[in-house]
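Participant: Protein chains in written order, with our numbering: chain F, 1 to 594; chain R, 1001 to 1690; chain G, 2001 to 2192.
Be aware that one or more of the hints could be misleading.
Stated by the list, open to error - Using 27 Å as the maximum straight-line C-alpha spacing, the simulated DSSO-like pairs for lysine-lysine come out as follows:
1. F:LYS241 - G:LYS2003
2. F:LYS545 - R:LYS1093
3. R:LYS1093 - R:LYS1017
4. F:LYS442 - R:LYS1470
5. G:LYS2162 - F:LYS241
6. G:LYS2003 - F:LYS64
7. F:LYS64 - G:LYS2064
8. G:LYS2046 - F:LYS206
9. F:LYS594 - G:LYS2097
10. F:LYS206 - G:LYS2181
11. G:LYS2191 - F:LYS241
12. R:LYS1017 - F:LYS449
13. R:LYS1470 - F:LYS545
14. F:LYS220 - F:LYS206
15. R:LYS1017 - F:LYS442
16. F:LYS206 - G:LYS2049
17. F:LYS234 - G:LYS2100
18. G:LYS2097 - F:LYS241
19. F:LYS449 - R:LYS1093
20. F:LYS226 - G:LYS2049
Rather than coming from a laboratory, the hints here were simulated on the basis of the structure.
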Amino acid sequence: MTTNGIIQIILYLTVLGLLVKPLGSYMAKVYQGESLLITRVLGPVERLIYRLLGTRPEEEMSWKMYAVACLLFKFAFFILLFTLMRIQGILPLNPQNFPGVAPDLSFNTAVSFITNTNWQAYGGESTMSYLTQMSGLAVQNFVSAAQGMAVLVALIRGFSRRTTSTIGNFWVDLTRSFLYILLPLSLIMAIILVSQGVVQNLSPYKTVPLVQTINYDNPKMDANGKAVLTSDGKPVTEPAKATEQSLPLGPAASQIAIKQLGTNGGGFFNVNSAHPYENPTPFSNFLEMLAILLIPAALCYTFGRMIGDRRQGWALLAAMAVIFIPLLFFCYSSEQAANPFLSPLGIDQSGGNMEGKELRFGVANSALWATATTAASNGSVNAMHDSFSPLGGLAPMVLMQLGEVVFGGVGSGLYGLLAFALVAVFISGLMVGRTPEYLGKKIEAYEVKMAAIVILVPCCFVLLGTAIASVTADGIAGISNPGPHGFSQVLYAFSSMANNNGSAFAGLNANTMFYNTLGGIAMLFGRFWTMIPILAIAGSLASKKYVQPSAGTLPTHTPLFILFLASVVIIVGALTFFPTLGLGPIAEHLMLYK
Amino acid sequence: MINKKKKSSLFDGRIMKRALIDSFIKLNPLNQLRNPVMFVVEVGSILTSLLFVQSLFVPGAESPWFIFSISLWLWATVLFANFAEAMAEGRGKAQADALRGSRKDVNAKKLSEPKQDAGVTPVPSSQLRKGDYVLVEPGDIIPGDGEVVAGVASVNESAITGESAPVIRESGGDRSAVTGGTIVLSDWIIVQITANPGETFLDRMISMVEGAKRQKTPNEIALDILLAGMTIIFLFATATLLPFSMFSVAAAGQGNPATIVVLVSLLVCLIPTTIGGLLSAIGIAGMDRLIQANVIATSGRAVEAAGDVDVLLLDKTGTITLGNRQATAFIPAKGREINAVADTAQLASLADETPEGRSIVVLAKTEYGIRERDITSLGAKFIPFSAQTRMSGVDLNGRQIRKGAADAVAAFVTSKGGVFPADVTVTVDEVAREGATPLVVTDGKDVLGVIRLNDIVKGGIRERFAELRKMGISTVMITGDNPMTAAAVAAEAGVDDFLAQATPETKLALIRKHQAGGKLVAMTGDGTNDAPALAQADVAVAMNTGTQAAKEAGNMVDLDSNPTKLIEIVEIGKQLLMTRGTLATFSIANDVAKYFAILPAVFIATYPQMAVLNIMGLQTPQSAILSAVIFNAVIIIALIPLALRGVTYRPGGAGIVLRNNILIYGVGGLIVPFIGIKLIDMLVNFLHLV
Amino acid sequence: MLKLIRPTIVSLFIFSVIAGGLYPMTVTALAQLFFPEQANGSIIMKDNKPAGSSLIGQPFDDPKYFWGRPSATAPFPYNSASSGGSNLSQTNPDLVKQAKGRIDALREADPQSATQVPIDLATASGSGLDPHISPAAAEYQVKRIAGARGIDESAVRSFVAKYTDGRQFGILGEPRVNVLKLNLALDQAQKL
């Protein structure tokens, strides 16, 4: 690790920490319906939306109603998005004349975007029309994020309310998240990104001549667009000359701003934020990284403020940091280390592991991005995780396998961590000899059951998906690297999809019927079978009375509890995934340093 | 101190023998279904047994001897868990047997009406019904639960309480309840039966200790769910290991996929068998500890609730102060003779059998030479104390002699047209300020003076309350005294709050007030007028000496009738939860070492570099797996004493208790299995078991 | 339940119009107004004709040009229509093979350079379009450029220095040399 690298990381963490309170406090005010400058300006729009929707802020919902609204809303968008992709060929704003997207890829992509996963089995610049990107995918970036935040707010109400049967109005929480938080932040960020060189236009791709003509071997294609192979299985090539370059353009900045802020991560271009048009400078990189963790971190403060005990919010943030920071430095030091396999070649490896990394970011920023994007369920990348060192790749994989609760998705990360907190409170409550209470609410069998589901479902789908893929021909066919790393590719893919992250070991060829279908199912369960139990917990908590804390009540804002909570998260993840990590990254690491 | 009477050793030979047999009976899968964790182990045991049989005929990847060893130890795991449960139940059963011995069918002397000279019909006790009257004479066993309606007798209740000293039972007042199975030693009583056969206190007690009515408590259910959830996760983690190992073998081009035996072993080691196997034993043992403390709870739920109590309502008398307040002085009103005060006070107290009343008579005799007189020969009529008048005394030749609290006497005097002297008010306040209790003596409307009663606060009680405060439990002293007296005693005893001049209504209101604030309230009570408050309290301990109404309103009965017991009950409740929590933590923490034992063993042939993960240096893959399985089984046996005794509870703030328990059971749970598995591995190889 | 049908359907339109229409159009308008050059791809103009983008690298294998980082895009390196990395793992024999091929080519082209090959010249970038190399990688090639173009090494170095960017704001990122701009500048200078 270099001094400058460590300074950049500390600078990042400091700026992030400083923004938590102002943004968190602002979001709390928004959700509590307080009057602010922006709510006065945009208030008429908000009220117009309610009028069109036919709802009023005072119309409260039970948890079941809230859950049904969530599901209906997403189902409708799924249909819309799926249709849009299928028929994009005949719709406008398609200057490259891309045809309709294949059904399995459309299913996978639609699910991926409505679940805030943004797993991309396609290359953006070679598949999606501007219309699909803008009014399909980018819209999902907003609403899936807003939905996660709405569910979190409903859960917070469960904690702060006493003996009521309602947890808020979904449409109102959704609208406020969108209108007052995501939209203004995205607008500001998009403009700053453009200033750094991120493209934003509606022009067709621009062709420019190459300074130097390049000779290359072009693989021969048959009539069906398939590579022609020689008798021993190698592709037949013919010499070709490249004289020009086609620069991909489009409305990228507007989409990148929200994909970073809303922990979506779906890139405009194939290589996501490693692409110079998505992430041109170190400053744009800093800003995009900041946007990854900004809202998830600030929501902790929002939580503390809304339940009337800020220390609780800080405690949750601290528990996240306790897990995140060591893994960040673990990743960074692993990436900075030389690759023993390259050592005999006489390469100066002081620059670290640069395969798949961009020079302008270097190792420190790539490791920081990789851990931040997997800690939050963002999934965007600025370097290719597949080419990370085994342990450098283990860090992001573990962060996803922990259930995307270390920062996690906007809203969903914190509500996931709260499910872990319920379990931690339950166990520690037993250990101090008292029926467990959290934030004045008694934690009983029902809450424990729902929290167990929230924790269980993603774990099971990671294991199940990886298991199926590792023994079926279709699954194995997608693997591009040999040995344990091939296993890591599959494991990473399902860790990412079932936990709604979206990043990938991109060598895996996931755009097949098999991965599109199985992955789509994992994403659906990973999102909604955590969201529904969380709403059930919200409903159950809201109906309980408040229990005054006493000296016998376990305080949940102390360093002891913070460490205990972090341990519970780590132990559940470690015990579930230790064998798989052993067969993947750990076995690969041991091969490297035999 | 309280346990001395019926304390039995943890491993009583007879109980162990019975438990051993029960362990096998409990192998019935229907029985195991109640406990998902152990059910999985049993299924694993059956599966490995079948694999063993198969391996005898079809040679597979693992040797039959290895499969046999694993299978044997998996069965042992189930048996050990059964044994723990049977041990816990056995202790209850032994006690139930002893109780059952005292429930003999006796011949009762049924009376046609509640008069001693009414006709007696001999009837077997099993035919007595609610409302029947029976006569019980010296040497008779009381045939059923009931209320004394006439007479007074000394009764040996040792069959129920274990206390051999006889107690007085008499009609009226708070000592009228008798229990079936106890023996009248002297005099006679007429008892109205209040419970049909099979519903008596003894019956309830037997079914309670036998665990026949044992239902899972709320926290137990929640923990069960969590354990089931973990079991599911581990089921996925081990089941998927088969495809993962197949892939790895193909990728590495060497080794063999994990076998079913090994995967079952890994699964059993990972799922929380330690806590799963001991969970019901912990619950039963908790009830048992309560019984050891001579308290009978009506449900496990009540025991659990005891651990959650926030507020203890404690009667001053008997709990905080020694039961007997002593009269220490007579203070005459202005213009009265001190001897007249002493004389009248003694008259007023002649029929008063309370320790206070006796001490007044004694003080008058020793200090002022006034001899005790017989109330019946004087022709005086005794006016007993009532909660409404809050006075007692005698009516003698038209004189109405009363003693009582100042405000009660003042009301009495005023109603007679008299004036309560101002100097007496001053005296009363002074006495009260000193922490003593002033009783005013009056003869009709003439107020004679003040009797000073001194409370004696029990030794060590102050420290006890300080401990409770650290545990987050606040104490409220309940007393009929006036506020000033109450404040002085409260200050001396160190309680957090007090309720002075308590009446059943104010007690009930106090409980409701605390409950509205989300707090759990515990109290003790014995009188019928305590019944509403007992029914309202979350944890209500009725004194065994108390009335039937009080016993029915409470959810626990203290056979020793010791109000201080409440504190002990709270500790037992906390201990019960803590034992579950700490063993669950221990169980999960153990998994880390088991992974380090089994994973390298399974994959070393595929990835030889995995040898570095064998940090314990276990000798062969087979011995590593077997050692982990053996450790997993043996730890259950090793922890039975802890499960039955409960973890040690040291009062302290929640944070400190948590820190200590995490250090002992969490960190300890990480380290212990590394050592244990290594030792077992050495032994296994030394004995050539694989 | 029926009460939820209307808001569900209406919300599709509202959010699509605002997030999918108004928002990107607003950003596009503001971007074109304030930062037209960046918004349209940071195109480098040569003789009033576009000659590439300052953000997107181009392939070079002529000895007179500075070579950029290896690119894994298909079918030819630096194909900006199809960005992508190699996604080779550290233990993949192909990675070692490819690195060896690149190093051998560099060694052959720069026999005078005694130093070890900097890692960025041996490894492919994530995007395949990385426009930069490290100052060390530029230094490694200076002798070759000077020889091929017949100019002083110091002159080449001064060009390199001119197209080297330090860390942004002195802290962020890594020092780097823009290969395309540097090569264009060298061509421009020799033409005169």
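Participant: So, for every hint listed, does it hold in this structure?
Facilitator: Status of each hint after checking the structure:
| no. | hint | verdict |
| --- | --- | --- |
| 1 | F:LYS241 - G:LYS2003 | 63 Å, violated |
| 2 | F:LYS545 - R:LYS1093 | 40 Å, violated |
| 3 | R:LYS1093 - R:LYS1017 | 13 Å, holds |
| 4 | F:LYS442 - R:LYS1470 | 21 Å, holds |
| 5 | G:LYS2162 - F:LYS241 | 31 Å, violated |
| 6 | G:LYS2003 - F:LYS64 | 13 Å, holds |
| 7 | F:LYS64 - G:LYS2064 | 70 Å, violated |
| 8 | G:LYS2046 - F:LYS206 | 15 Å, holds |
| 9 | F:LYS594 - G:LYS2097 | 20 Å, holds |
| 10 | F:LYS206 - G:LYS2181 | 19 Å, holds |
| 11 | G:LYS2191 - F:LYS241 | 25 Å, holds |
| 12 | R:LYS1017 - F:LYS449 | 38 Å, violated |
| 13 | R:LYS1470 - F:LYS545 | 25 Å, holds |
| 14 | F:LYS220 - F:LYS206 | 26 Å, holds |
| 15 | R:LYS1017 - F:LYS442 | 42 Å, violated |
| 16 | F:LYS206 - G:LYS2049 | 12 Å, holds |
| 17 | F:LYS234 - G:LYS2100 | 21 Å, holds |
| 18 | G:LYS2097 - F:LYS241 | 25 Å, holds |
| 19 | F:LYS449 - R:LYS1093 | 34 Å, violated |
| 20 | F:LYS226 - G:LYS2049 | 36 Å, violated |
Hint compliance for this structure: hints 1, 2, 5, 7, 12, 15, 19, 20 are not met, and every other hint is.
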